[in-house]
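Protein chains in written order, with the numbering used here: chain A, 5 to 296; chain B, 5 to 296; chain C, 5 to 296; chain D, 5 to 296.
If you are wondering where the hints come from, they were derived from the structure by calculation, not from laboratory data. Incorrect hints may appear among the rest.
Chain copies aren't distinguished; within one or between two, either way the pair holds.
[To be verified] Restricting the straight-line Cα-Cα distance to at most 16 Å, the calculated cross-link-like pairs of lysine to aspartate or glutamate (EDC-like) are:
(1) K239 <-> D174
(2) K243 <-> E180
(3) K133 <-> E60
(4) K67 <-> D174
(5) K243 <-> D283
(6) K239 <-> E180
(7) K243 <-> E63
(8) K67 <-> E281
(9) K67 <-> E23
(10) K133 <-> E30
Protein chains: 4
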Amino acid sequence: MKNADIVTAIVTPFTPENEIDFSALEKLTNHLIATGSTGFVIGGTTGETPTLTNDEQLELYRKFVQIVAGRAVIIAGTGSNNTAATIALTNEVSQIQGIGYALVVVPYYSKTSQRGLLAHFSAVAANSKVPILIYNIPGRTGIVMENETIVELAHNKNIAGIKQCTSLNDISFIVEHTNDFLVYTGEDPQALSAKELGATGVISVASHLYGAEMREMYTLVDQGNVLDAASIMRKLQPKMLALFSYPSPTPVKAALAYQGYLYNSCRLPLVPLTSAEEDAVLAALELVGGHA
Amino acid sequence: MKNADIVTAIVTPFTPENEIDFSALEKLTNHLIATGSTGFVIGGTTGETPTLTNDEQLELYRKFVQIVAGRAVIIAGTGSNNTAATIALTNEVSQIQGIGYALVVVPYYSKTSQRGLLAHFSAVAANSKVPILIYNIPGRTGIVMENETIVELAHNKNIAGIKQCTSLNDISFIVEHTNDFLVYTGEDPQALSAKELGATGVISVASHLYGAEMREMYTLVDQGNVLDAASIMRKLQPKMLALFSYPSPTPVKAALAYQGYLYNSCRLPLVPLTSAEEDAVLAALELVGGHA
Amino acid sequence: MKNADIVTAIVTPFTPENEIDFSALEKLTNHLIATGSTGFVIGGTTGETPTLTNDEQLELYRKFVQIVAGRAVIIAGTGSNNTAATIALTNEVSQIQGIGYALVVVPYYSKTSQRGLLAHFSAVAANSKVPILIYNIPGRTGIVMENETIVELAHNKNIAGIKQCTSLNDISFIVEHTNDFLVYTGEDPQALSAKELGATGVISVASHLYGAEMREMYTLVDQGNVLDAASIMRKLQPKMLALFSYPSPTPVKAALAYQGYLYNSCRLPLVPLTSAEEDAVLAALELVGGHA
Amino acid sequence: MKNADIVTAIVTPFTPENEIDFSALEKLTNHLIATGSTGFVIGGTTGETPTLTNDEQLELYRKFVQIVAGRAVIIAGTGSNNTAATIALTNEVSQIQGIGYALVVVPYYSKTSQRGLLAHFSAVAANSKVPILIYNIPGRTGIVMENETIVELAHNKNIAGIKQCTSLNDISFIVEHTNDFLVYTGEDPQALSAKELGATGVISVASHLYGAEMREMYTLVDQGNVLDAASIMRKLQPKMLALFSYPSPTPVKAALAYQGYLYNSCRLPLVPLTSAEEDAVLAALELVGGHA
Numbered sequence: 005m006k007n008a009d010i011v012t013a014i015v016t017p018f019t020p021e022n023e024i025d026f027s028a029l030e031k032l033t034n035h036l037i038a039t040g041s042t043g044f045v046i047g048g049t050t051g052e053t054p055t056l057t058n059d060e061q062l063e064l065y066r067k068f069v070q071i072v073a074g075r076a077v078i079i080a081g082t083g084s085n086n087t088a089a090t091i092a093l094t095n096e097v098s099q100i101q102g103i104g105y106a107l108v109v110v111p112y113y114s115k116t117s118q119r120g121l122l123a124h125f126s127a128v129a130a131n132s133k134v135p136i137l138i139y140n141i142p143g144r145t146g147i148v149m150e151n152e153t154i155v156e157l158a159h160n161k162n163i164a165g166i167k168q169c170t171s172l173n174d175i176s177f178i179v180e181h182t183n184d185f186l187v188y189t190g191e192d193p194q195a196l197s198a199k200e201l202g203a204t205g206v207i208s209v210a211s212h213l214y215g216a217e218m219r220e221m222y223t224l225v226d227q228g229n230v231l232d233a234a235s236i237m238r239k240l241q242p243k244m245l246a247l248f249s250y251p252s253p254t255p256v257k258a259a260l261a262y263q264g265y266l267y268n269s270c271r272l273p274l275v276p277l278t279s280a281e282e283d284a285v286l287a288a289l290e291l292v293g294g295h296a
Numbered sequence: 005m006k007n008a009d010i011v012t013a014i015v016t017p018f019t020p021e022n023e024i025d026f027s028a029l030e031k032l033t034n035h036l037i038a039t040g041s042t043g044f045v046i047g048g049t050t051g052e053t054p055t056l057t058n059d060e061q062l063e064l065y066r067k068f069v070q071i072v073a074g075r076a077v078i079i080a081g082t083g084s085n086n087t088a089a090t091i092a093l094t095n096e097v098s099q100i101q102g103i104g105y106a107l108v109v110v111p112y113y114s115k116t117s118q119r120g121l122l123a124h125f126s127a128v129a130a131n132s133k134v135p136i137l138i139y140n141i142p143g144r145t146g147i148v149m150e151n152e153t154i155v156e157l158a159h160n161k162n163i164a165g166i167k168q169c170t171s172l173n174d175i176s177f178i179v180e181h182t183n184d185f186l187v188y189t190g191e192d193p194q195a196l197s198a199k200e201l202g203a204t205g206v207i208s209v210a211s212h213l214y215g216a217e218m219r220e221m222y223t224l225v226d227q228g229n230v231l232d233a234a235s236i237m238r239k240l241q242p243k244m245l246a247l248f249s250y251p252s253p254t255p256v257k258a259a260l261a262y263q264g265y266l267y268n269s270c271r272l273p274l275v276p277l278t279s280a281e282e283d284a285v286l287a288a289l290e291l292v293g294g295h296a
Numbered sequence: 005m006k007n008a009d010i011v012t013a014i015v016t017p018f019t020p021e022n023e024i025d026f027s028a029l030e031k032l033t034n035h036l037i038a039t040g041s042t043g044f045v046i047g048g049t050t051g052e053t054p055t056l057t058n059d060e061q062l063e064l065y066r067k068f069v070q071i072v073a074g075r076a077v078i079i080a081g082t083g084s085n086n087t088a089a090t091i092a093l094t095n096e097v098s099q100i101q102g103i104g105y106a107l108v109v110v111p112y113y114s115k116t117s118q119r120g121l122l123a124h125f126s127a128v129a130a131n132s133k134v135p136i137l138i139y140n141i142p143g144r145t146g147i148v149m150e151n152e153t154i155v156e157l158a159h160n161k162n163i164a165g166i167k168q169c170t171s172l173n174d175i176s177f178i179v180e181h182t183n184d185f186l187v188y189t190g191e192d193p194q195a196l197s198a199k200e201l202g203a204t205g206v207i208s209v210a211s212h213l214y215g216a217e218m219r220e221m222y223t224l225v226d227q228g229n230v231l232d233a234a235s236i237m238r239k240l241q242p243k244m245l246a247l248f249s250y251p252s253p254t255p256v257k258a259a260l261a262y263q264g265y266l267y268n269s270c271r272l273p274l275v276p277l278t279s280a281e282e283d284a285v286l287a288a289l290e291l292v293g294g295h296a
Numbered sequence: 005m006k007n008a009d010i011v012t013a014i015v016t017p018f019t020p021e022n023e024i025d026f027s028a029l030e031k032l033t034n035h036l037i038a039t040g041s042t043g044f045v046i047g048g049t050t051g052e053t054p055t056l057t058n059d060e061q062l063e064l065y066r067k068f069v070q071i072v073a074g075r076a077v078i079i080a081g082t083g084s085n086n087t088a089a090t091i092a093l094t095n096e097v098s099q100i101q102g103i104g105y106a107l108v109v110v111p112y113y114s115k116t117s118q119r120g121l122l123a124h125f126s127a128v129a130a131n132s133k134v135p136i137l138i139y140n141i142p143g144r145t146g147i148v149m150e151n152e153t154i155v156e157l158a159h160n161k162n163i164a165g166i167k168q169c170t171s172l173n174d175i176s177f178i179v180e181h182t183n184d185f186l187v188y189t190g191e192d193p194q195a196l197s198a199k200e201l202g203a204t205g206v207i208s209v210a211s212h213l214y215g216a217e218m219r220e221m222y223t224l225v226d227q228g229n230v231l232d233a234a235s236i237m238r239k240l241q242p243k244m245l246a247l248f249s250y251p252s253p254t255p256v257k258a259a260l261a262y263q264g265y266l267y268n269s270c271r272l273p274l275v276p277l278t279s280a281e282e283d284a285v286l287a288a289l290e291l292v293g294g295h296a
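Given these sequences and hints, build the entire structure.
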C-alpha cells in the first residue's frame with residue numbers, strides 16, 4: 005500500500021437498466037491499471053455507494069477482487085452515519101480475501117462531536133479484520149474532523165491512514181504529526197502539492213481520464229524535477245475542476261461513456277448530464293483519443 | 005394540519021440498554037400535547053433516525069400513532085440519500101393509518117443537482133399514500149435546495165409543504181410564491197419571525213422544554229400583540245441556541261433526563277454530554293420545575 | 005431620534021462632472037421626507053463617502069443640515085480604519101449644529117481584536133460632541149464585532165446605538181441586553197422582522213424608492229396588523245435584494261436617475277451599471293410612476 | 005525583481021510615543037537582508053499603513069530607499085478604496101528614485117464590480133511612473149477579484165504582477181495564464197507549494213523571524229530536493245499560523261520586540277498583545293537566540 009500513490013476512486017458502471025455492469029468494470033479496471041493507478045477505492049462516493057444495497061456492495065467487492073487479481077491495492081467503502089451498521093458491514097467486508105483496507109467515512113448528517121468521532125472510529129476499527137482508512141470530507145458530511153482527533157486516532161494500530169478533503173495546511177499538519185500513517189488528499193487539484201508536502205498521494209477521480217499524465221507528474225517529482233511536474237499540474241487543474249462542475253461522478257461517467265468504457269447511467273438521486281452540460285464538460289476536458 | 009403550528013420534532017427515548025423506550029415516549033408525548041404541541045415529527049433528525057433499523061422505525065411509527073390517538077398531527081420521517089430506498093420506506097410508512105405526512109429530507113452527502121432533486125422528490129411523492137413534506141437543511145445535507153426548485157415541487161399535489169432550515173429571506177419567498185403550501189421553519193430562533201412573515205409555524209426542538217412559552221407567544225401574535233411576543237422570543241432565543249451548542253439531540257435529551265422524562269441515552273455516533281457539558285447546558289436552559 | 009424608525013442612507017448625487025449635486029440632493033431629500041423617512045444617514049456607505057475628500061464631506065454635512073432644516077434626524081458618517089483620523093473628523097463634524105449623531109463604522113480591513121474595537125470606539129466617543137452610533141457590517145469590514153463587545157460599548161453614555169448588518173439573532177440579543185440603545189438593522193430585508201423583535205427600525209437603501217410602502221408596513225405593525233404588514237414585506241423583499249444585485253449604490257442611483265431625481269453618476273472605484281444591468285435592475289424593481 | 009523571491013512585508017517600527025522609529029527600521033532591515041530577504045513591501049498592511057498620514061508615508065518611503073541602498077527590491081504600498089486618492093499617491097510615490105513597484109490593494113469595503121476593478125487598476129497604472137503590483141486579499145477587502153479580471157489586467161504593460169491571498173488553485177491558474185507576470189502568494193503557509201507550482205515566491209510576514217529557514221527551503225526546491233524542503237515547511241507552518249492567531253502585525257511585533265529589534269508599539273485600531281497572549285504567541289513561535 006505504501007506504493008499505491010495514485011488511487012482511483014472508481015465509478016460503479018451501470019447497465020442501461022441500472023444494474024451493475026461487471027463487464028464494463030473489468031474493462032475500465034484494466035485500462036486504469038495500464039495508465040498508472042496502483043490502487044482503487046471501490047464502493048466510495050464516486051461509486052454511488054449510497055444507492056447500492058448491502059448485497060450489491062458485497063458482490064461488487066468480491067468480483068472486484070477477482071478482476072484486480074493482486075495487481076493493485078483495494079480499498080473498500082464501508083461507512084455510514086449509523087455506527088452499528090458500519091461495524092457490521094466493515095466486519096463482513098473485511099473478511100473478503102484481497103481487500104486491503106476499509107474506507108470509513110466520517111458520519112455524515114448527524115454532526116456528532118469530536119468525542120463521538122473518536123468513539124465511532126474506535127468501535128469500527130475494533131471490529132475490522134483489515135486496517136481502516138478514515139475519510140474526512142466536511143463538504144459532504146457537514147462536520148469537520150479536527151486535526152487533533154485525526155492524530156489521536158492515528159495511534160490506533162488498526163487505523164492505517166486517511167483520505168482528507170480539506171486544506172493543504174491540514175495535510176501538512178497530519179503528515180508532520182503521525183508516523184507510518186497513509187495520508188491521501190481526496191482533492192485532485194491538490195495532487196501535486198500534497199505529494200510535495202510529504203503526503204502518500206491522491207485518491208482521485210481525474211485519474212480515470214488522466215492517469216498517464218498524473219503518473220508522469222509523480223515520477224517527475226520523485227526525480228526532483230519540480231518545474232516540469234508543475235507544468236503538467238497547471239494544465240490538468242482546470243480539467244480536474246471540470247469534473248466537479250456538476251455532481252460527481254456524472255461528469256466522469258459522461259467522459260468515460262464518450263470514450264466507450266461504460267454506459268452513461270447513474271442512479272437517483274443523481275441524474276445524467278443534459279446534452280448541453282455534457283458538451284460543456286467534454287470541451288473542458290479536452291479529451292482526445294483514448295477510446296476503449 | 006393547517007392547525008399544527010408548533011410541531012415538536014420529538015426525540016426517540018432509549019433505555020439504558022439503548023432499546024426504544026416506549027413508556028418514556030408515551031409520558032413525554034402526553035406532556036408535550038399538554039404544553040402546546042399540536043403536531044409531531046417522529047423519526048426525524050432529532051429522533052436519531054439514522055441509527056434506527058427499518059423495522060424499529062416502522063414499530064416506532066405504529067406505536068406512536070396509538071400514543072397520539074388523534075390528538076395531534078403526525079409527520080413521519082422516511083428520507084435518505086438513496087432514492088429507491090426512500091420510495092420503498094415512504095410507501096410502507098404511508099400505509100400506516102394515522103400518519104398525516106411523510107417527511108422526506110433532501111438527499112444528503114450525494115450533492116445532486118436541482119434536476120436530481122426534482123426527480124427524487126417527484127418519484128417519492130408518486131409512491132406515497134400520504135402527502136410529503138420536504139426537509140431542506142443545507143447545514144446537514146451539504147446541498148442547497150433552491151427556492152425555484154421548491155416552488156416547482158409545490159405544484160405537485162402530493163407535496164404538501166416544507167421544513168426549511170435556511171434564511172428568513174427564503175421563508176418569505178416560499179410563502180409568497182406558493183399556495184396552500186405548509187411552510188415551517190426548522191430553526192427555533194426563527195419561530196417568531198417566520199410566523200410573522202406568514203409561515204405556518206415551527207418544527208421545533210425547543211418545544212420539548214418551552215412549549216408553553218412558545219404557545220403563549222404564538223397566541224400573542226394572533227392577537228396582534230407584537231411587543232409582548234417579542235419579549236418572550238428574546239428570552240427564549242439564547243436557550244434555543246443552547247440546545248444546539250452540542251450535537252443535537254444530546255442537549256435536549258440531557259434536559260429531559262434532568263426533568264425525569266427519559267434516560268439520558270443516545271446511540272453512536274452520538275455520545276451523551278459529559279458532566280461538564282451538561283452543567284453548562286442546564287445552566288443556559290434555566291430549567292425550573294417542570295419535572296415529570 | 006427615538007421617532008426615527010425609517011432612516012434613509014441617502015446617496016450622494018453627483019453631476020455629470022462628478023461634483024456633488026446639491027440641487028439634486030435637495031429635491032431628493034424633500035421627496036424622501038414626504039414619503040416617510042424620519043431620519044437620514046448622510047455620508048455613509050451608500051453615499052460613496054470613501055470617495056469624498058474631508059472638505060467635501062464637511063461641506064456636504066453643512067448643506068444637508070440646511071436642507072433638512074429640522075424635519076428629520078441627521079446621522080453623519082465619520083468613521084475609517086484610522087483611529088486618529090476618525091477622532092479628528094468626528095470631533096469636527098460633531099460641532100456642526102444640526103447633526104444628531106456620528107456614524108462610526110467598525111474599522112475595516114485592519115481586522116483588529118475585540119479589545120481593539122473597544123479602544124477605538126471609546127476613544128472616538130470621548131472626542132465627539134454628539135452621541136455616536138456604531139456601524140457593524142462584517143461583510144464589508146472583514147471583521148465581526150461580537151455581541152458582548154456591543155453590549156459593553158452600550159454602557160458608554162456617548163454611544164447611543166448601532167446600525168447592525170448581521171443576523172436577526174444578533175439584533176434580538178442586542179435589544180434584550182441593552183437599555184435606551186438605538187438598534188437599527190442595516191439590512192433592508194430584515195426591516196419588518198427587526199422591528200417586530202423590538203429594534204428601533206431600519207437604516208435603509210430601499211426607502212429611496214419604497215418609502216411609502218415601508219411607512220405603511222411600520223404603521224400596520226404598530227396597529228398589530230401582522231398579516232398585512234407581512235404581505236407588504238414579502239412583496240418588497242425581492243426588490244430590496246435587487247438593490248444589492250450589483251454594487252450598491254449603483255442600482256439605486258440607476259433607479260433614481262430613471263425617476264428623474266439625479267444624474268446616474270458615481271465615482272471610481274464604482275462604475276455605473278451597463279445598459280443591460282440597468283434593464284435587469286429596473287425590471288426587478290417594478291418602478292411605476294413616481295417620477296420627480 | 006525576478007530575483008526577489010522572499011519579500012518581507014516589513015512592519016513599521018514605532019517609538020513608545022508612536023512615532024516612526026527609523027533607527028529600528030534600519031537595524032531590522034539590515035537583519036532581514038542578512039537572513040535572506042531579497043525584496044520588501046514597505047507601507048503594506050503589515051506596516052499598519054492605514055494609520056500613517058500621507059506625509060509620514062512619503063517620508064517612510066524616502067528613508068527606506070536610503071536604508072536599503074540598492075540591496076533589495078522595494079515595493080511601496082499606495083492603494084486605498086478611493087481611486088482618485090490612489091492615483092495621486094501612486095503618482096507621487098512612483099517618482100521616488102529607488103522604488104521598484106507600487107503595491108495597489110483591491111479597493112476594500114466598497115465592493116465594486118469586476119468592471120470597477122478593471123477601471124480602478126487601469127487608471128492607477130496609467131498614472132504611475134513604476135509598474136504596479138495588484139494586491140488581492142478578499143479576507144480583508146470583502147471582495148473577490150476573479151482570475152479572469154487578473155488575467156485581463158496582466159496584459160497592461162504597467163501592471164507587473166500580483167500579491168495573491170486566495171487559494172493555490174488561483175495561483176496555479178494565474179501562473180498558467182500570464183506571461184512575464186510576477187505572482188506572489190501573500191499567504192505564508194503557501195510559501196512552498198506556490199513556488200513549486202511556478203509562482204515567483206512569497207510576500208511574507210514570517211520571514212521577519214524565519215528568513216534563514218525560508219531561504220534554505222527555497223534553495224532546496226531549486227536543487228530538486230523536495231523532501232527536505234517539505235520537512236522545513238511542515239515545521240514552519242504552525243509558526244506561520246501563530247503569526248495570525250491575533251491581529252497582524254501585533255504577534256510579529258511582539259516577537260521582534262522580544263528579540264530586541266523594536267519597541268512593542270502599534271497604533272489604534274490595533275492594540276498590543278496582552279501579556280498572556282504574548283506568552284502564547286512566543287511559545288508557539290519557539291524563538292531561540294537571534295536577539296538583535
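Going down the list of hints, with the structure as the test:
In this assembly of identical chains, K239 and D174 lie within 16 Å of each other by CA distance solely across copies; the values are 13 Å between and 25 Å within a copy. For the homomeric pair K243 and E180, the shortest alpha-carbon distance between copies (13 Å) is at most 16 Å, but the shortest distance inside one copy (30 Å) is not. Taking identical chains as interchangeable, the C-alpha atoms of K133 and E60 are never at most 16 Å apart, the minima being 21 Å within one chain and 29 Å between chains. In this homomeric assembly, K67 and D174 never come within 16 Å of each other (Cα to Cα): the closest approach is 35 Å inside a single copy and 41 Å across copies.
In the homo-oligomer, the alpha carbons of K243 and D283 lie at most 16 Å apart inside one protomer (14 Å), although the nearest pairing across protomers, at 36 Å, exceeds that limit. For the homomeric pair K239 and E180, the shortest alpha-carbon distance between copies (8 Å) is at most 16 Å, but the shortest distance inside one copy (29 Å) is not. Taking the closest pair of Cα atoms, K243 and E63 never come within 16 Å of each other, the shortest separation being 33 Å inside a single copy and 49 Å across copies. With identical chains, the CA atoms of K67 and E281 are never at most 16 Å apart, being 33 Å at best within one copy and 48 Å at best between copies.
In the homo-oligomer, the alpha carbons of K67 and E23 lie at most 16 Å apart inside one protomer (14 Å), although the nearest pairing across protomers, at 37 Å, exceeds that limit. Neither within a single protomer nor between protomers do K133 and E30 lie at most 16 Å apart by alpha-carbon distance, with minima of 26 Å and 42 Å respectively.
In this structure, the hints that do not hold are numbers 3, 4, 7, 8 and 10, in rising order.
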